[in-house]
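*Asks:* Residue strings, one per chain:
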Amino acid sequence: MEYKIEKMKAPGRGEVEILGATYEEGLPVGEEVGQWRQKLDSREDKLKYLQNGERYWYSDDWYGSEKRKNPA
Amino acid sequence: MAEAEQKSFDQGSNDLIEKAIKDEANTAFDRADTMKPCPIGSVGSCCKNCGMGPCRVPLPRGKEETPEEKLKRRGICGATAETIAARNFIRMIAGGASAHSDHGRGVAELFIAAAKGEAPGYEIRDEQKLLQLALDWGVEIGDRSNSEIAVEIGEKALEEFGRQEGEIITMRKAPLKRQEVWRTQGVAPRGIDREVVEIMHRTHIGVDQDYQNLLKQGVRTAIADGWGGSMIATELQDILFGTPAPILGKANLGVLKEDEVNIIIHGHEPLLSEMIVAVSREPEMVELAKSKGAKGINLAGMCCTANEILMRHGVGIAGNFLQQELAIVTGAVDAMVVDVQCIFQSIATVAECYHTKIITTSPKAKIPGAVHIEFDEHNALKSAREIVKAAVENFPNRKGNVEIPDNETDQIAGFSHETINYLLGGLFRSSYRPLNDNIINGRIRGVAGVVGCNNARYKHNEAHIAMVKELIKNDVLVITTGCNAIACAEAGLLLPEAAAEFAGEGLASVCEAVGIPPVLHMGSCVDNSRILIAATAMVKDGGLGDDISDLPVAGAAPEWMSEKAISIGQYFVASGVFTVFGVTWPTLGSKEVTDFLFKEMEDMYGGMWGFEEDPIKAAHMMIDHIDKKRKALGIDKARERVLYDMEMRRELT
Numbered sequence: 001m002e003y004k005i006e007k008m009k010a011p012g013r014g015e016v017e018i019l020g021a022t023y024e025e026g027l028p029v030g031e032e033v034g035q036w037r038q039k040l041d042s043r044e045d046k047l048k049y050l051q052n053g054e055r056y057w058y059s060d061d062w063y064g065s066e067k068r069k070n071p072a
Numbered sequence: 001m002a003e004a005e006q007k008s009f010d011q012g013s014n015d016l017i018e019k020a021i022k023d024e025a026n027t028a029f030d031r032a033d034t035m036k037p038c039p040i041g042s043v044g045s046c047c048k049n050c051g052m053g054p055c056r057v058p059l060p061r062g063k064e065e066t067p068e069e070k071l072k073r074r075g076i077c078g079a080t081a082e083t084i085a086a087r088n089f090i091r092m093i094a095g096g097a098s099a100h101s102d103h104g105r106g107v108a109e110l111f112i113a114a115a116k117g118e119a120p121g122y123e124i125r126d127e128q129k130l131l132q133l134a135l136d137w138g139v140e141i142g143d144r145s146n147s148e149i150a151v152e153i154g155e156k157a158l159e160e161f162g163r164q165e166g167e168i169i170t171m172r173k174a175p176l177k178r179q180e181v182w183r184t185q186g187v188a189p190r191g192i193d194r195e196v197v198e199i200m201h202r203t204h205i206g207v208d209q210d211y212q213n214l215l216k217q218g219v220r221t222a223i224a225d226g227w228g229g230s231m232i233a234t235e236l237q238d239i240l241f242g243t244p245a246p247i248l249g250k251a252n253l254g255v256l257k258e259d260e261v262n263i264i265i266h267g268h269e270p271l272l273s274e275m276i277v278a279v280s281r282e283p284e285m286v287e288l289a290k291s292k293g294a295k296g297i298n299l300a301g302m303c304c305t306a307n308e309i310l311m312r313h314g315v316g317i318a319g320n321f322l323q324q325e326l327a328i329v330t331g332a333v334d335a336m337v338v339d340v341q342c343i344f345q346s347i348a349t350v351a352e353c354y355h356t357k358i359i360t361t362s363p364k365a366k367i368p369g370a371v372h373i374e375f376d377e378h379n380a381l382k383s384a385r386e387i388v389k390a391a392v393e394n395f396p397n398r399k400g401n402v403e404i405p406d407n408e409t410d411q412i413a414g415f416s417h418e419t420i421n422y423l424l425g426g427l428f429r430s431s432y433r434p435l436n437d438n439i440i441n442g443r444i445r446g447v448a449g450v451v452g453c454n455n456a457r458y459k460h461n462e463a464h465i466a467m468v469k470e471l472i473k474n475d476v477l478v479i480t481t482g483c484n485a486i487a488c489a490e491a492g493l494l495l496p497e498a499a500a501e502f503a504g505e506g507l508a509s510v511c512e513a514v515g516i517p518p519v520l521h522m523g524s525c526v527d528n529s530r531i532l533i534a535a536t537a538m539v540k541d542g543g544l545g546d547d548i549s550d551l552p553v554a555g556a557a558p559e560w561m562s563e564k565a566i567s568i569g570q571y572f573v574a575s576g577v578f579t580v581f582g583v584t585w586p587t588l589g590s591k592e593v594t595d596f597l598f599k600e601m602e603d604m605y606g607g608m609w610g611f612e613e614d615p616i617k618a619a620h621m622m623i624d625h626i627d628k629k630r631k632a633l634g635i636d637k638a639r640e641r642v643l644y645d646m647e648m649r650r651e652l653t
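Residue numbers (this note's numbering), protein chains in the order written: chain C, 1 to 72; chain X, 1 to 653.
It is worth saying that the hints were derived from the structure and are not from the lab.
Virtual Cβ for every residue (Gly too), placed ideally from N, Cα, C.
Please note that the accuracy of each hint is not assured.
Calculated cross-link-like contacts (lysine-lysine; reagent style DSS-like; alpha-carbon spacing at most 25 Å) [stated by the list, open to error]: (1) K48(C) to K173(X); (2) K67(C) to K389(X); (3) K67(C) to K295(X); (4) K389(X) to K295(X).
Sample of chain X residues facing chain C (criterion: CB under 7 Å; computed from the structure) [stated by the list, open to error]: (5) G62; (6) Q128; (7) L131; (8) Q132; (9) L135; (10) S145; (11) A245; (12) I247; (13) G426; (14) D541; (15) D546.
Using the sequences provided together with the hints, build the complete structure.
*Replies:* As C-alpha cells, then:
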C-alpha cells in the first residue's frame, strides 16, 4: 500500500508531515457494499456462525438472561 | 399556497398539491377537506354487523353519562357500547392480520415453487437464513440440498396458516418468559387463519358479548400476525431475496427523472418487484427505452414495496402513502405498478389527468380504469417484461406538464436484526452486548420502534418527524419501518451524520463509534417482526431483564390509519411494549374498553396502549415509560465510576 503524507500545522512546531488517511474514500454505493453475509462460504461456516453469532437461540453453552448459571 | 403548505411537511409535496389543483386532479388532500370523518364511527360506536342496524351508540356530548342513560345506550340486539367498540376494534385486527398473513402465505407458496424449480428467476439467495429456519423449525439439515430443505420449510410454513391446535411454531423465537405469559393468558395462537376466522365468528351478531373476552381474541390474533404471518413473510423473503444489509439509497419524489422512463412499484409484496428490478436492467429493455427517446429506465418504489427493494437493491423511494397520487401529478411517471395494500383507488382517476398507466398485477386487487397484467409466479420474468415494456412504450405519451420537485435525499437502509448483530460485534462475535451496555451505562436511554402510516387527517409526515427528532434528542435510539421510515429518510434522519445534528450527546457518541444513523431502517410493515426479534435478542443477551416487558423500550405509530397498524400495535402490546398511537383512537366511544386497553392490559401483558395526538407529548409519554423501566432495572442513576487497582481486584475474589 502506498502511504499518503499530509502536511499540517502543529502548535509551536510550524508545519509538520503526518501520515494521511489509509482508508478508501467514497460513498457506500452499489448493492455489494455492506453485503457481509457473503463472507461465509461453506455450510459448515454458516452453521458455526449461527451457533456463535446467533448464540441467543442456537448455542448450548451460552449464558444470557435465560440461561444463567445461577438462575435468578 | 398558504393552505397547501399546511398539508405536508415536505415542500416538494406541497408544490405538487398546488399543481394537482391547477391540473384539476382530485387528491386525498382535497377529499379530506370536503369529507370529515364520521364522529360516531371514528370512536367505535357504530355497529353494522347485521341488517337491523347500523346501530349508533354515541356518548352524550358535553356531559357525564348517567347510569340510566348508559343502560339505554345499546344496539337493537342489546349489544352495549363496550361490546360494539370491542367488536369493531378486533375486526380491525382481523383485517390487519389477514393482510400481513395472506402476504406471508403468498411468499410461502412462491417459496415452495422456487425450491422445486417451478418458478424460474427465483432461487435461494441466503443459505444461512435457510439453515437458521431449519434449526428453528426442526427441519433436518444433514447432507440435504438447499432445495430439499427449502421444500420442507415452505410446507411447514404453509401448515402454520391452517394449524388447528397447539401453538404456532414461530412463537418459539420469543423470550421464554413471554411465551409463558401468552400461555397463562390463553392467547398463544393455534393457527394463523383459525384466529382470524374466530374473530369473524365471535363478532357476528349474537356471539361473544363480553368485551374483555373479545379483546382477548384480538390479542391472540395479533400475536398470530406479528409472531406468525408477518414473521413467515419476512423470513422466507430473506431466504429468497437476501437478508438486508446496509445500503445507500435515495428518497422523495425527486428520485424521478425527467429524461428517463419512470416506473413506480407500489404496494407491499416484493415477489414481482424483484423481477421488475432485474428486467429493468436488461440491455434489451434499456435499448428499447432509448429507442423511445428516454435515456434509460428509472425504477422507484412507493410505500412498503419501496422499502423491500430499497433494502435489497438500493432502489430509490419516491414516497410514502400520501405521496402516491402526487407522484402521478409530477407528470413524469410512465407506469405505476401496484400489487396489494394501501393503494388508493383514486390513482386511476388522477392518472386520467396525465399519461400514467396504472398496472394492477394481483388477482386479489383490481382497480377499474387500470390495465391488469397478472403476475404469474411460474413465469415471473415474462410478466415483468410485459409490464416494463408497457411503461417504456408509454414514455412518448407524456403531456408536457412535467414538474419533479428537487427534494431528493440520501439514506442508509438495511438494518435487519442479523445486520445489527453483526455491526455491533463483527463476524466472529456478533452481539447485542454493546447496545445493552450502552443502555445500562445511560448513553442510550432506551429504544423506540416508530412505525406506521400517513393519515390524511394530519399534516403529512409532520408527526413522524417531530416524534422521531424528539426521541433521538433525548438519547432514544429509534428503529423504524414502513411509512415512518420513508418520512425519516425524506427528513435526512437515516444518515450517520444525523446523529451529530439531531441526537443527544450519549446516543450521538454511540452512533459515531459504531457508524450507524440514530434511526435504523428495518424494512416494510411485515418487517415489524424484525423489531420483535431485535427486542428478543436484547432480552436474551442479558442485563436488561428477562422479558421484552422489562426492556426500556416503547413503540408508536403517530400517523396511523390502517387496520394493519392496529394489528401491529396490538402484537407489540401483547409482546410487552407500551405503544402510543396518534391522530385518532377507535374505542373512545367506550370508556371501559379504552381503559382496558390503556391500563388493564399492562397487568396482563406488561405492555399497554396509549393515545396522544401531539407527537411531542407522545414522545415524552414513551420517554417516561422508558425511564420507568430503567428505574425498575436499577439503571436509572449514574453510578460512581471506580478505577479498580490490583489490590481491589484481589479483594473481589
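*Asks:* Hint by hint, note whether the structure agrees.
*Replies:* Results of checking the hints against the structure:
1. K48(C) to K173(X): Holds, at about 19 Å.
2. K67(C) to K389(X): 57 Å, violated
3. K67(C) to K295(X): Violated: K67(C) and K295(X) sit about 59 Å apart, past 25 Å.
4. K389(X) to K295(X): 15 Å, holds
5. G62: This interface hint is violated because 51 Å lies over the 7 Å limit.
6. Q128: 4 Å, holds
7. L131: 6 Å, holds
8. Q132: Given a least distance of 6 Å, the restraint on Q132(X) holds.
9. L135: 6 Å, holds
10. S145: 10 Å, violated
11. A245: 5 Å, holds
12. I247: Status holds, d = 6 Å.
13. G426: 9 Å, violated
14. D541: Hint holds; D541(X) Cβ to chain C Cβ min 5 Å, cut 7 Å.
15. D546: 5 Å, holds
Violated hints for the displayed structure, listed by number in ascending order: 2, 3, 5, 10 and 13.
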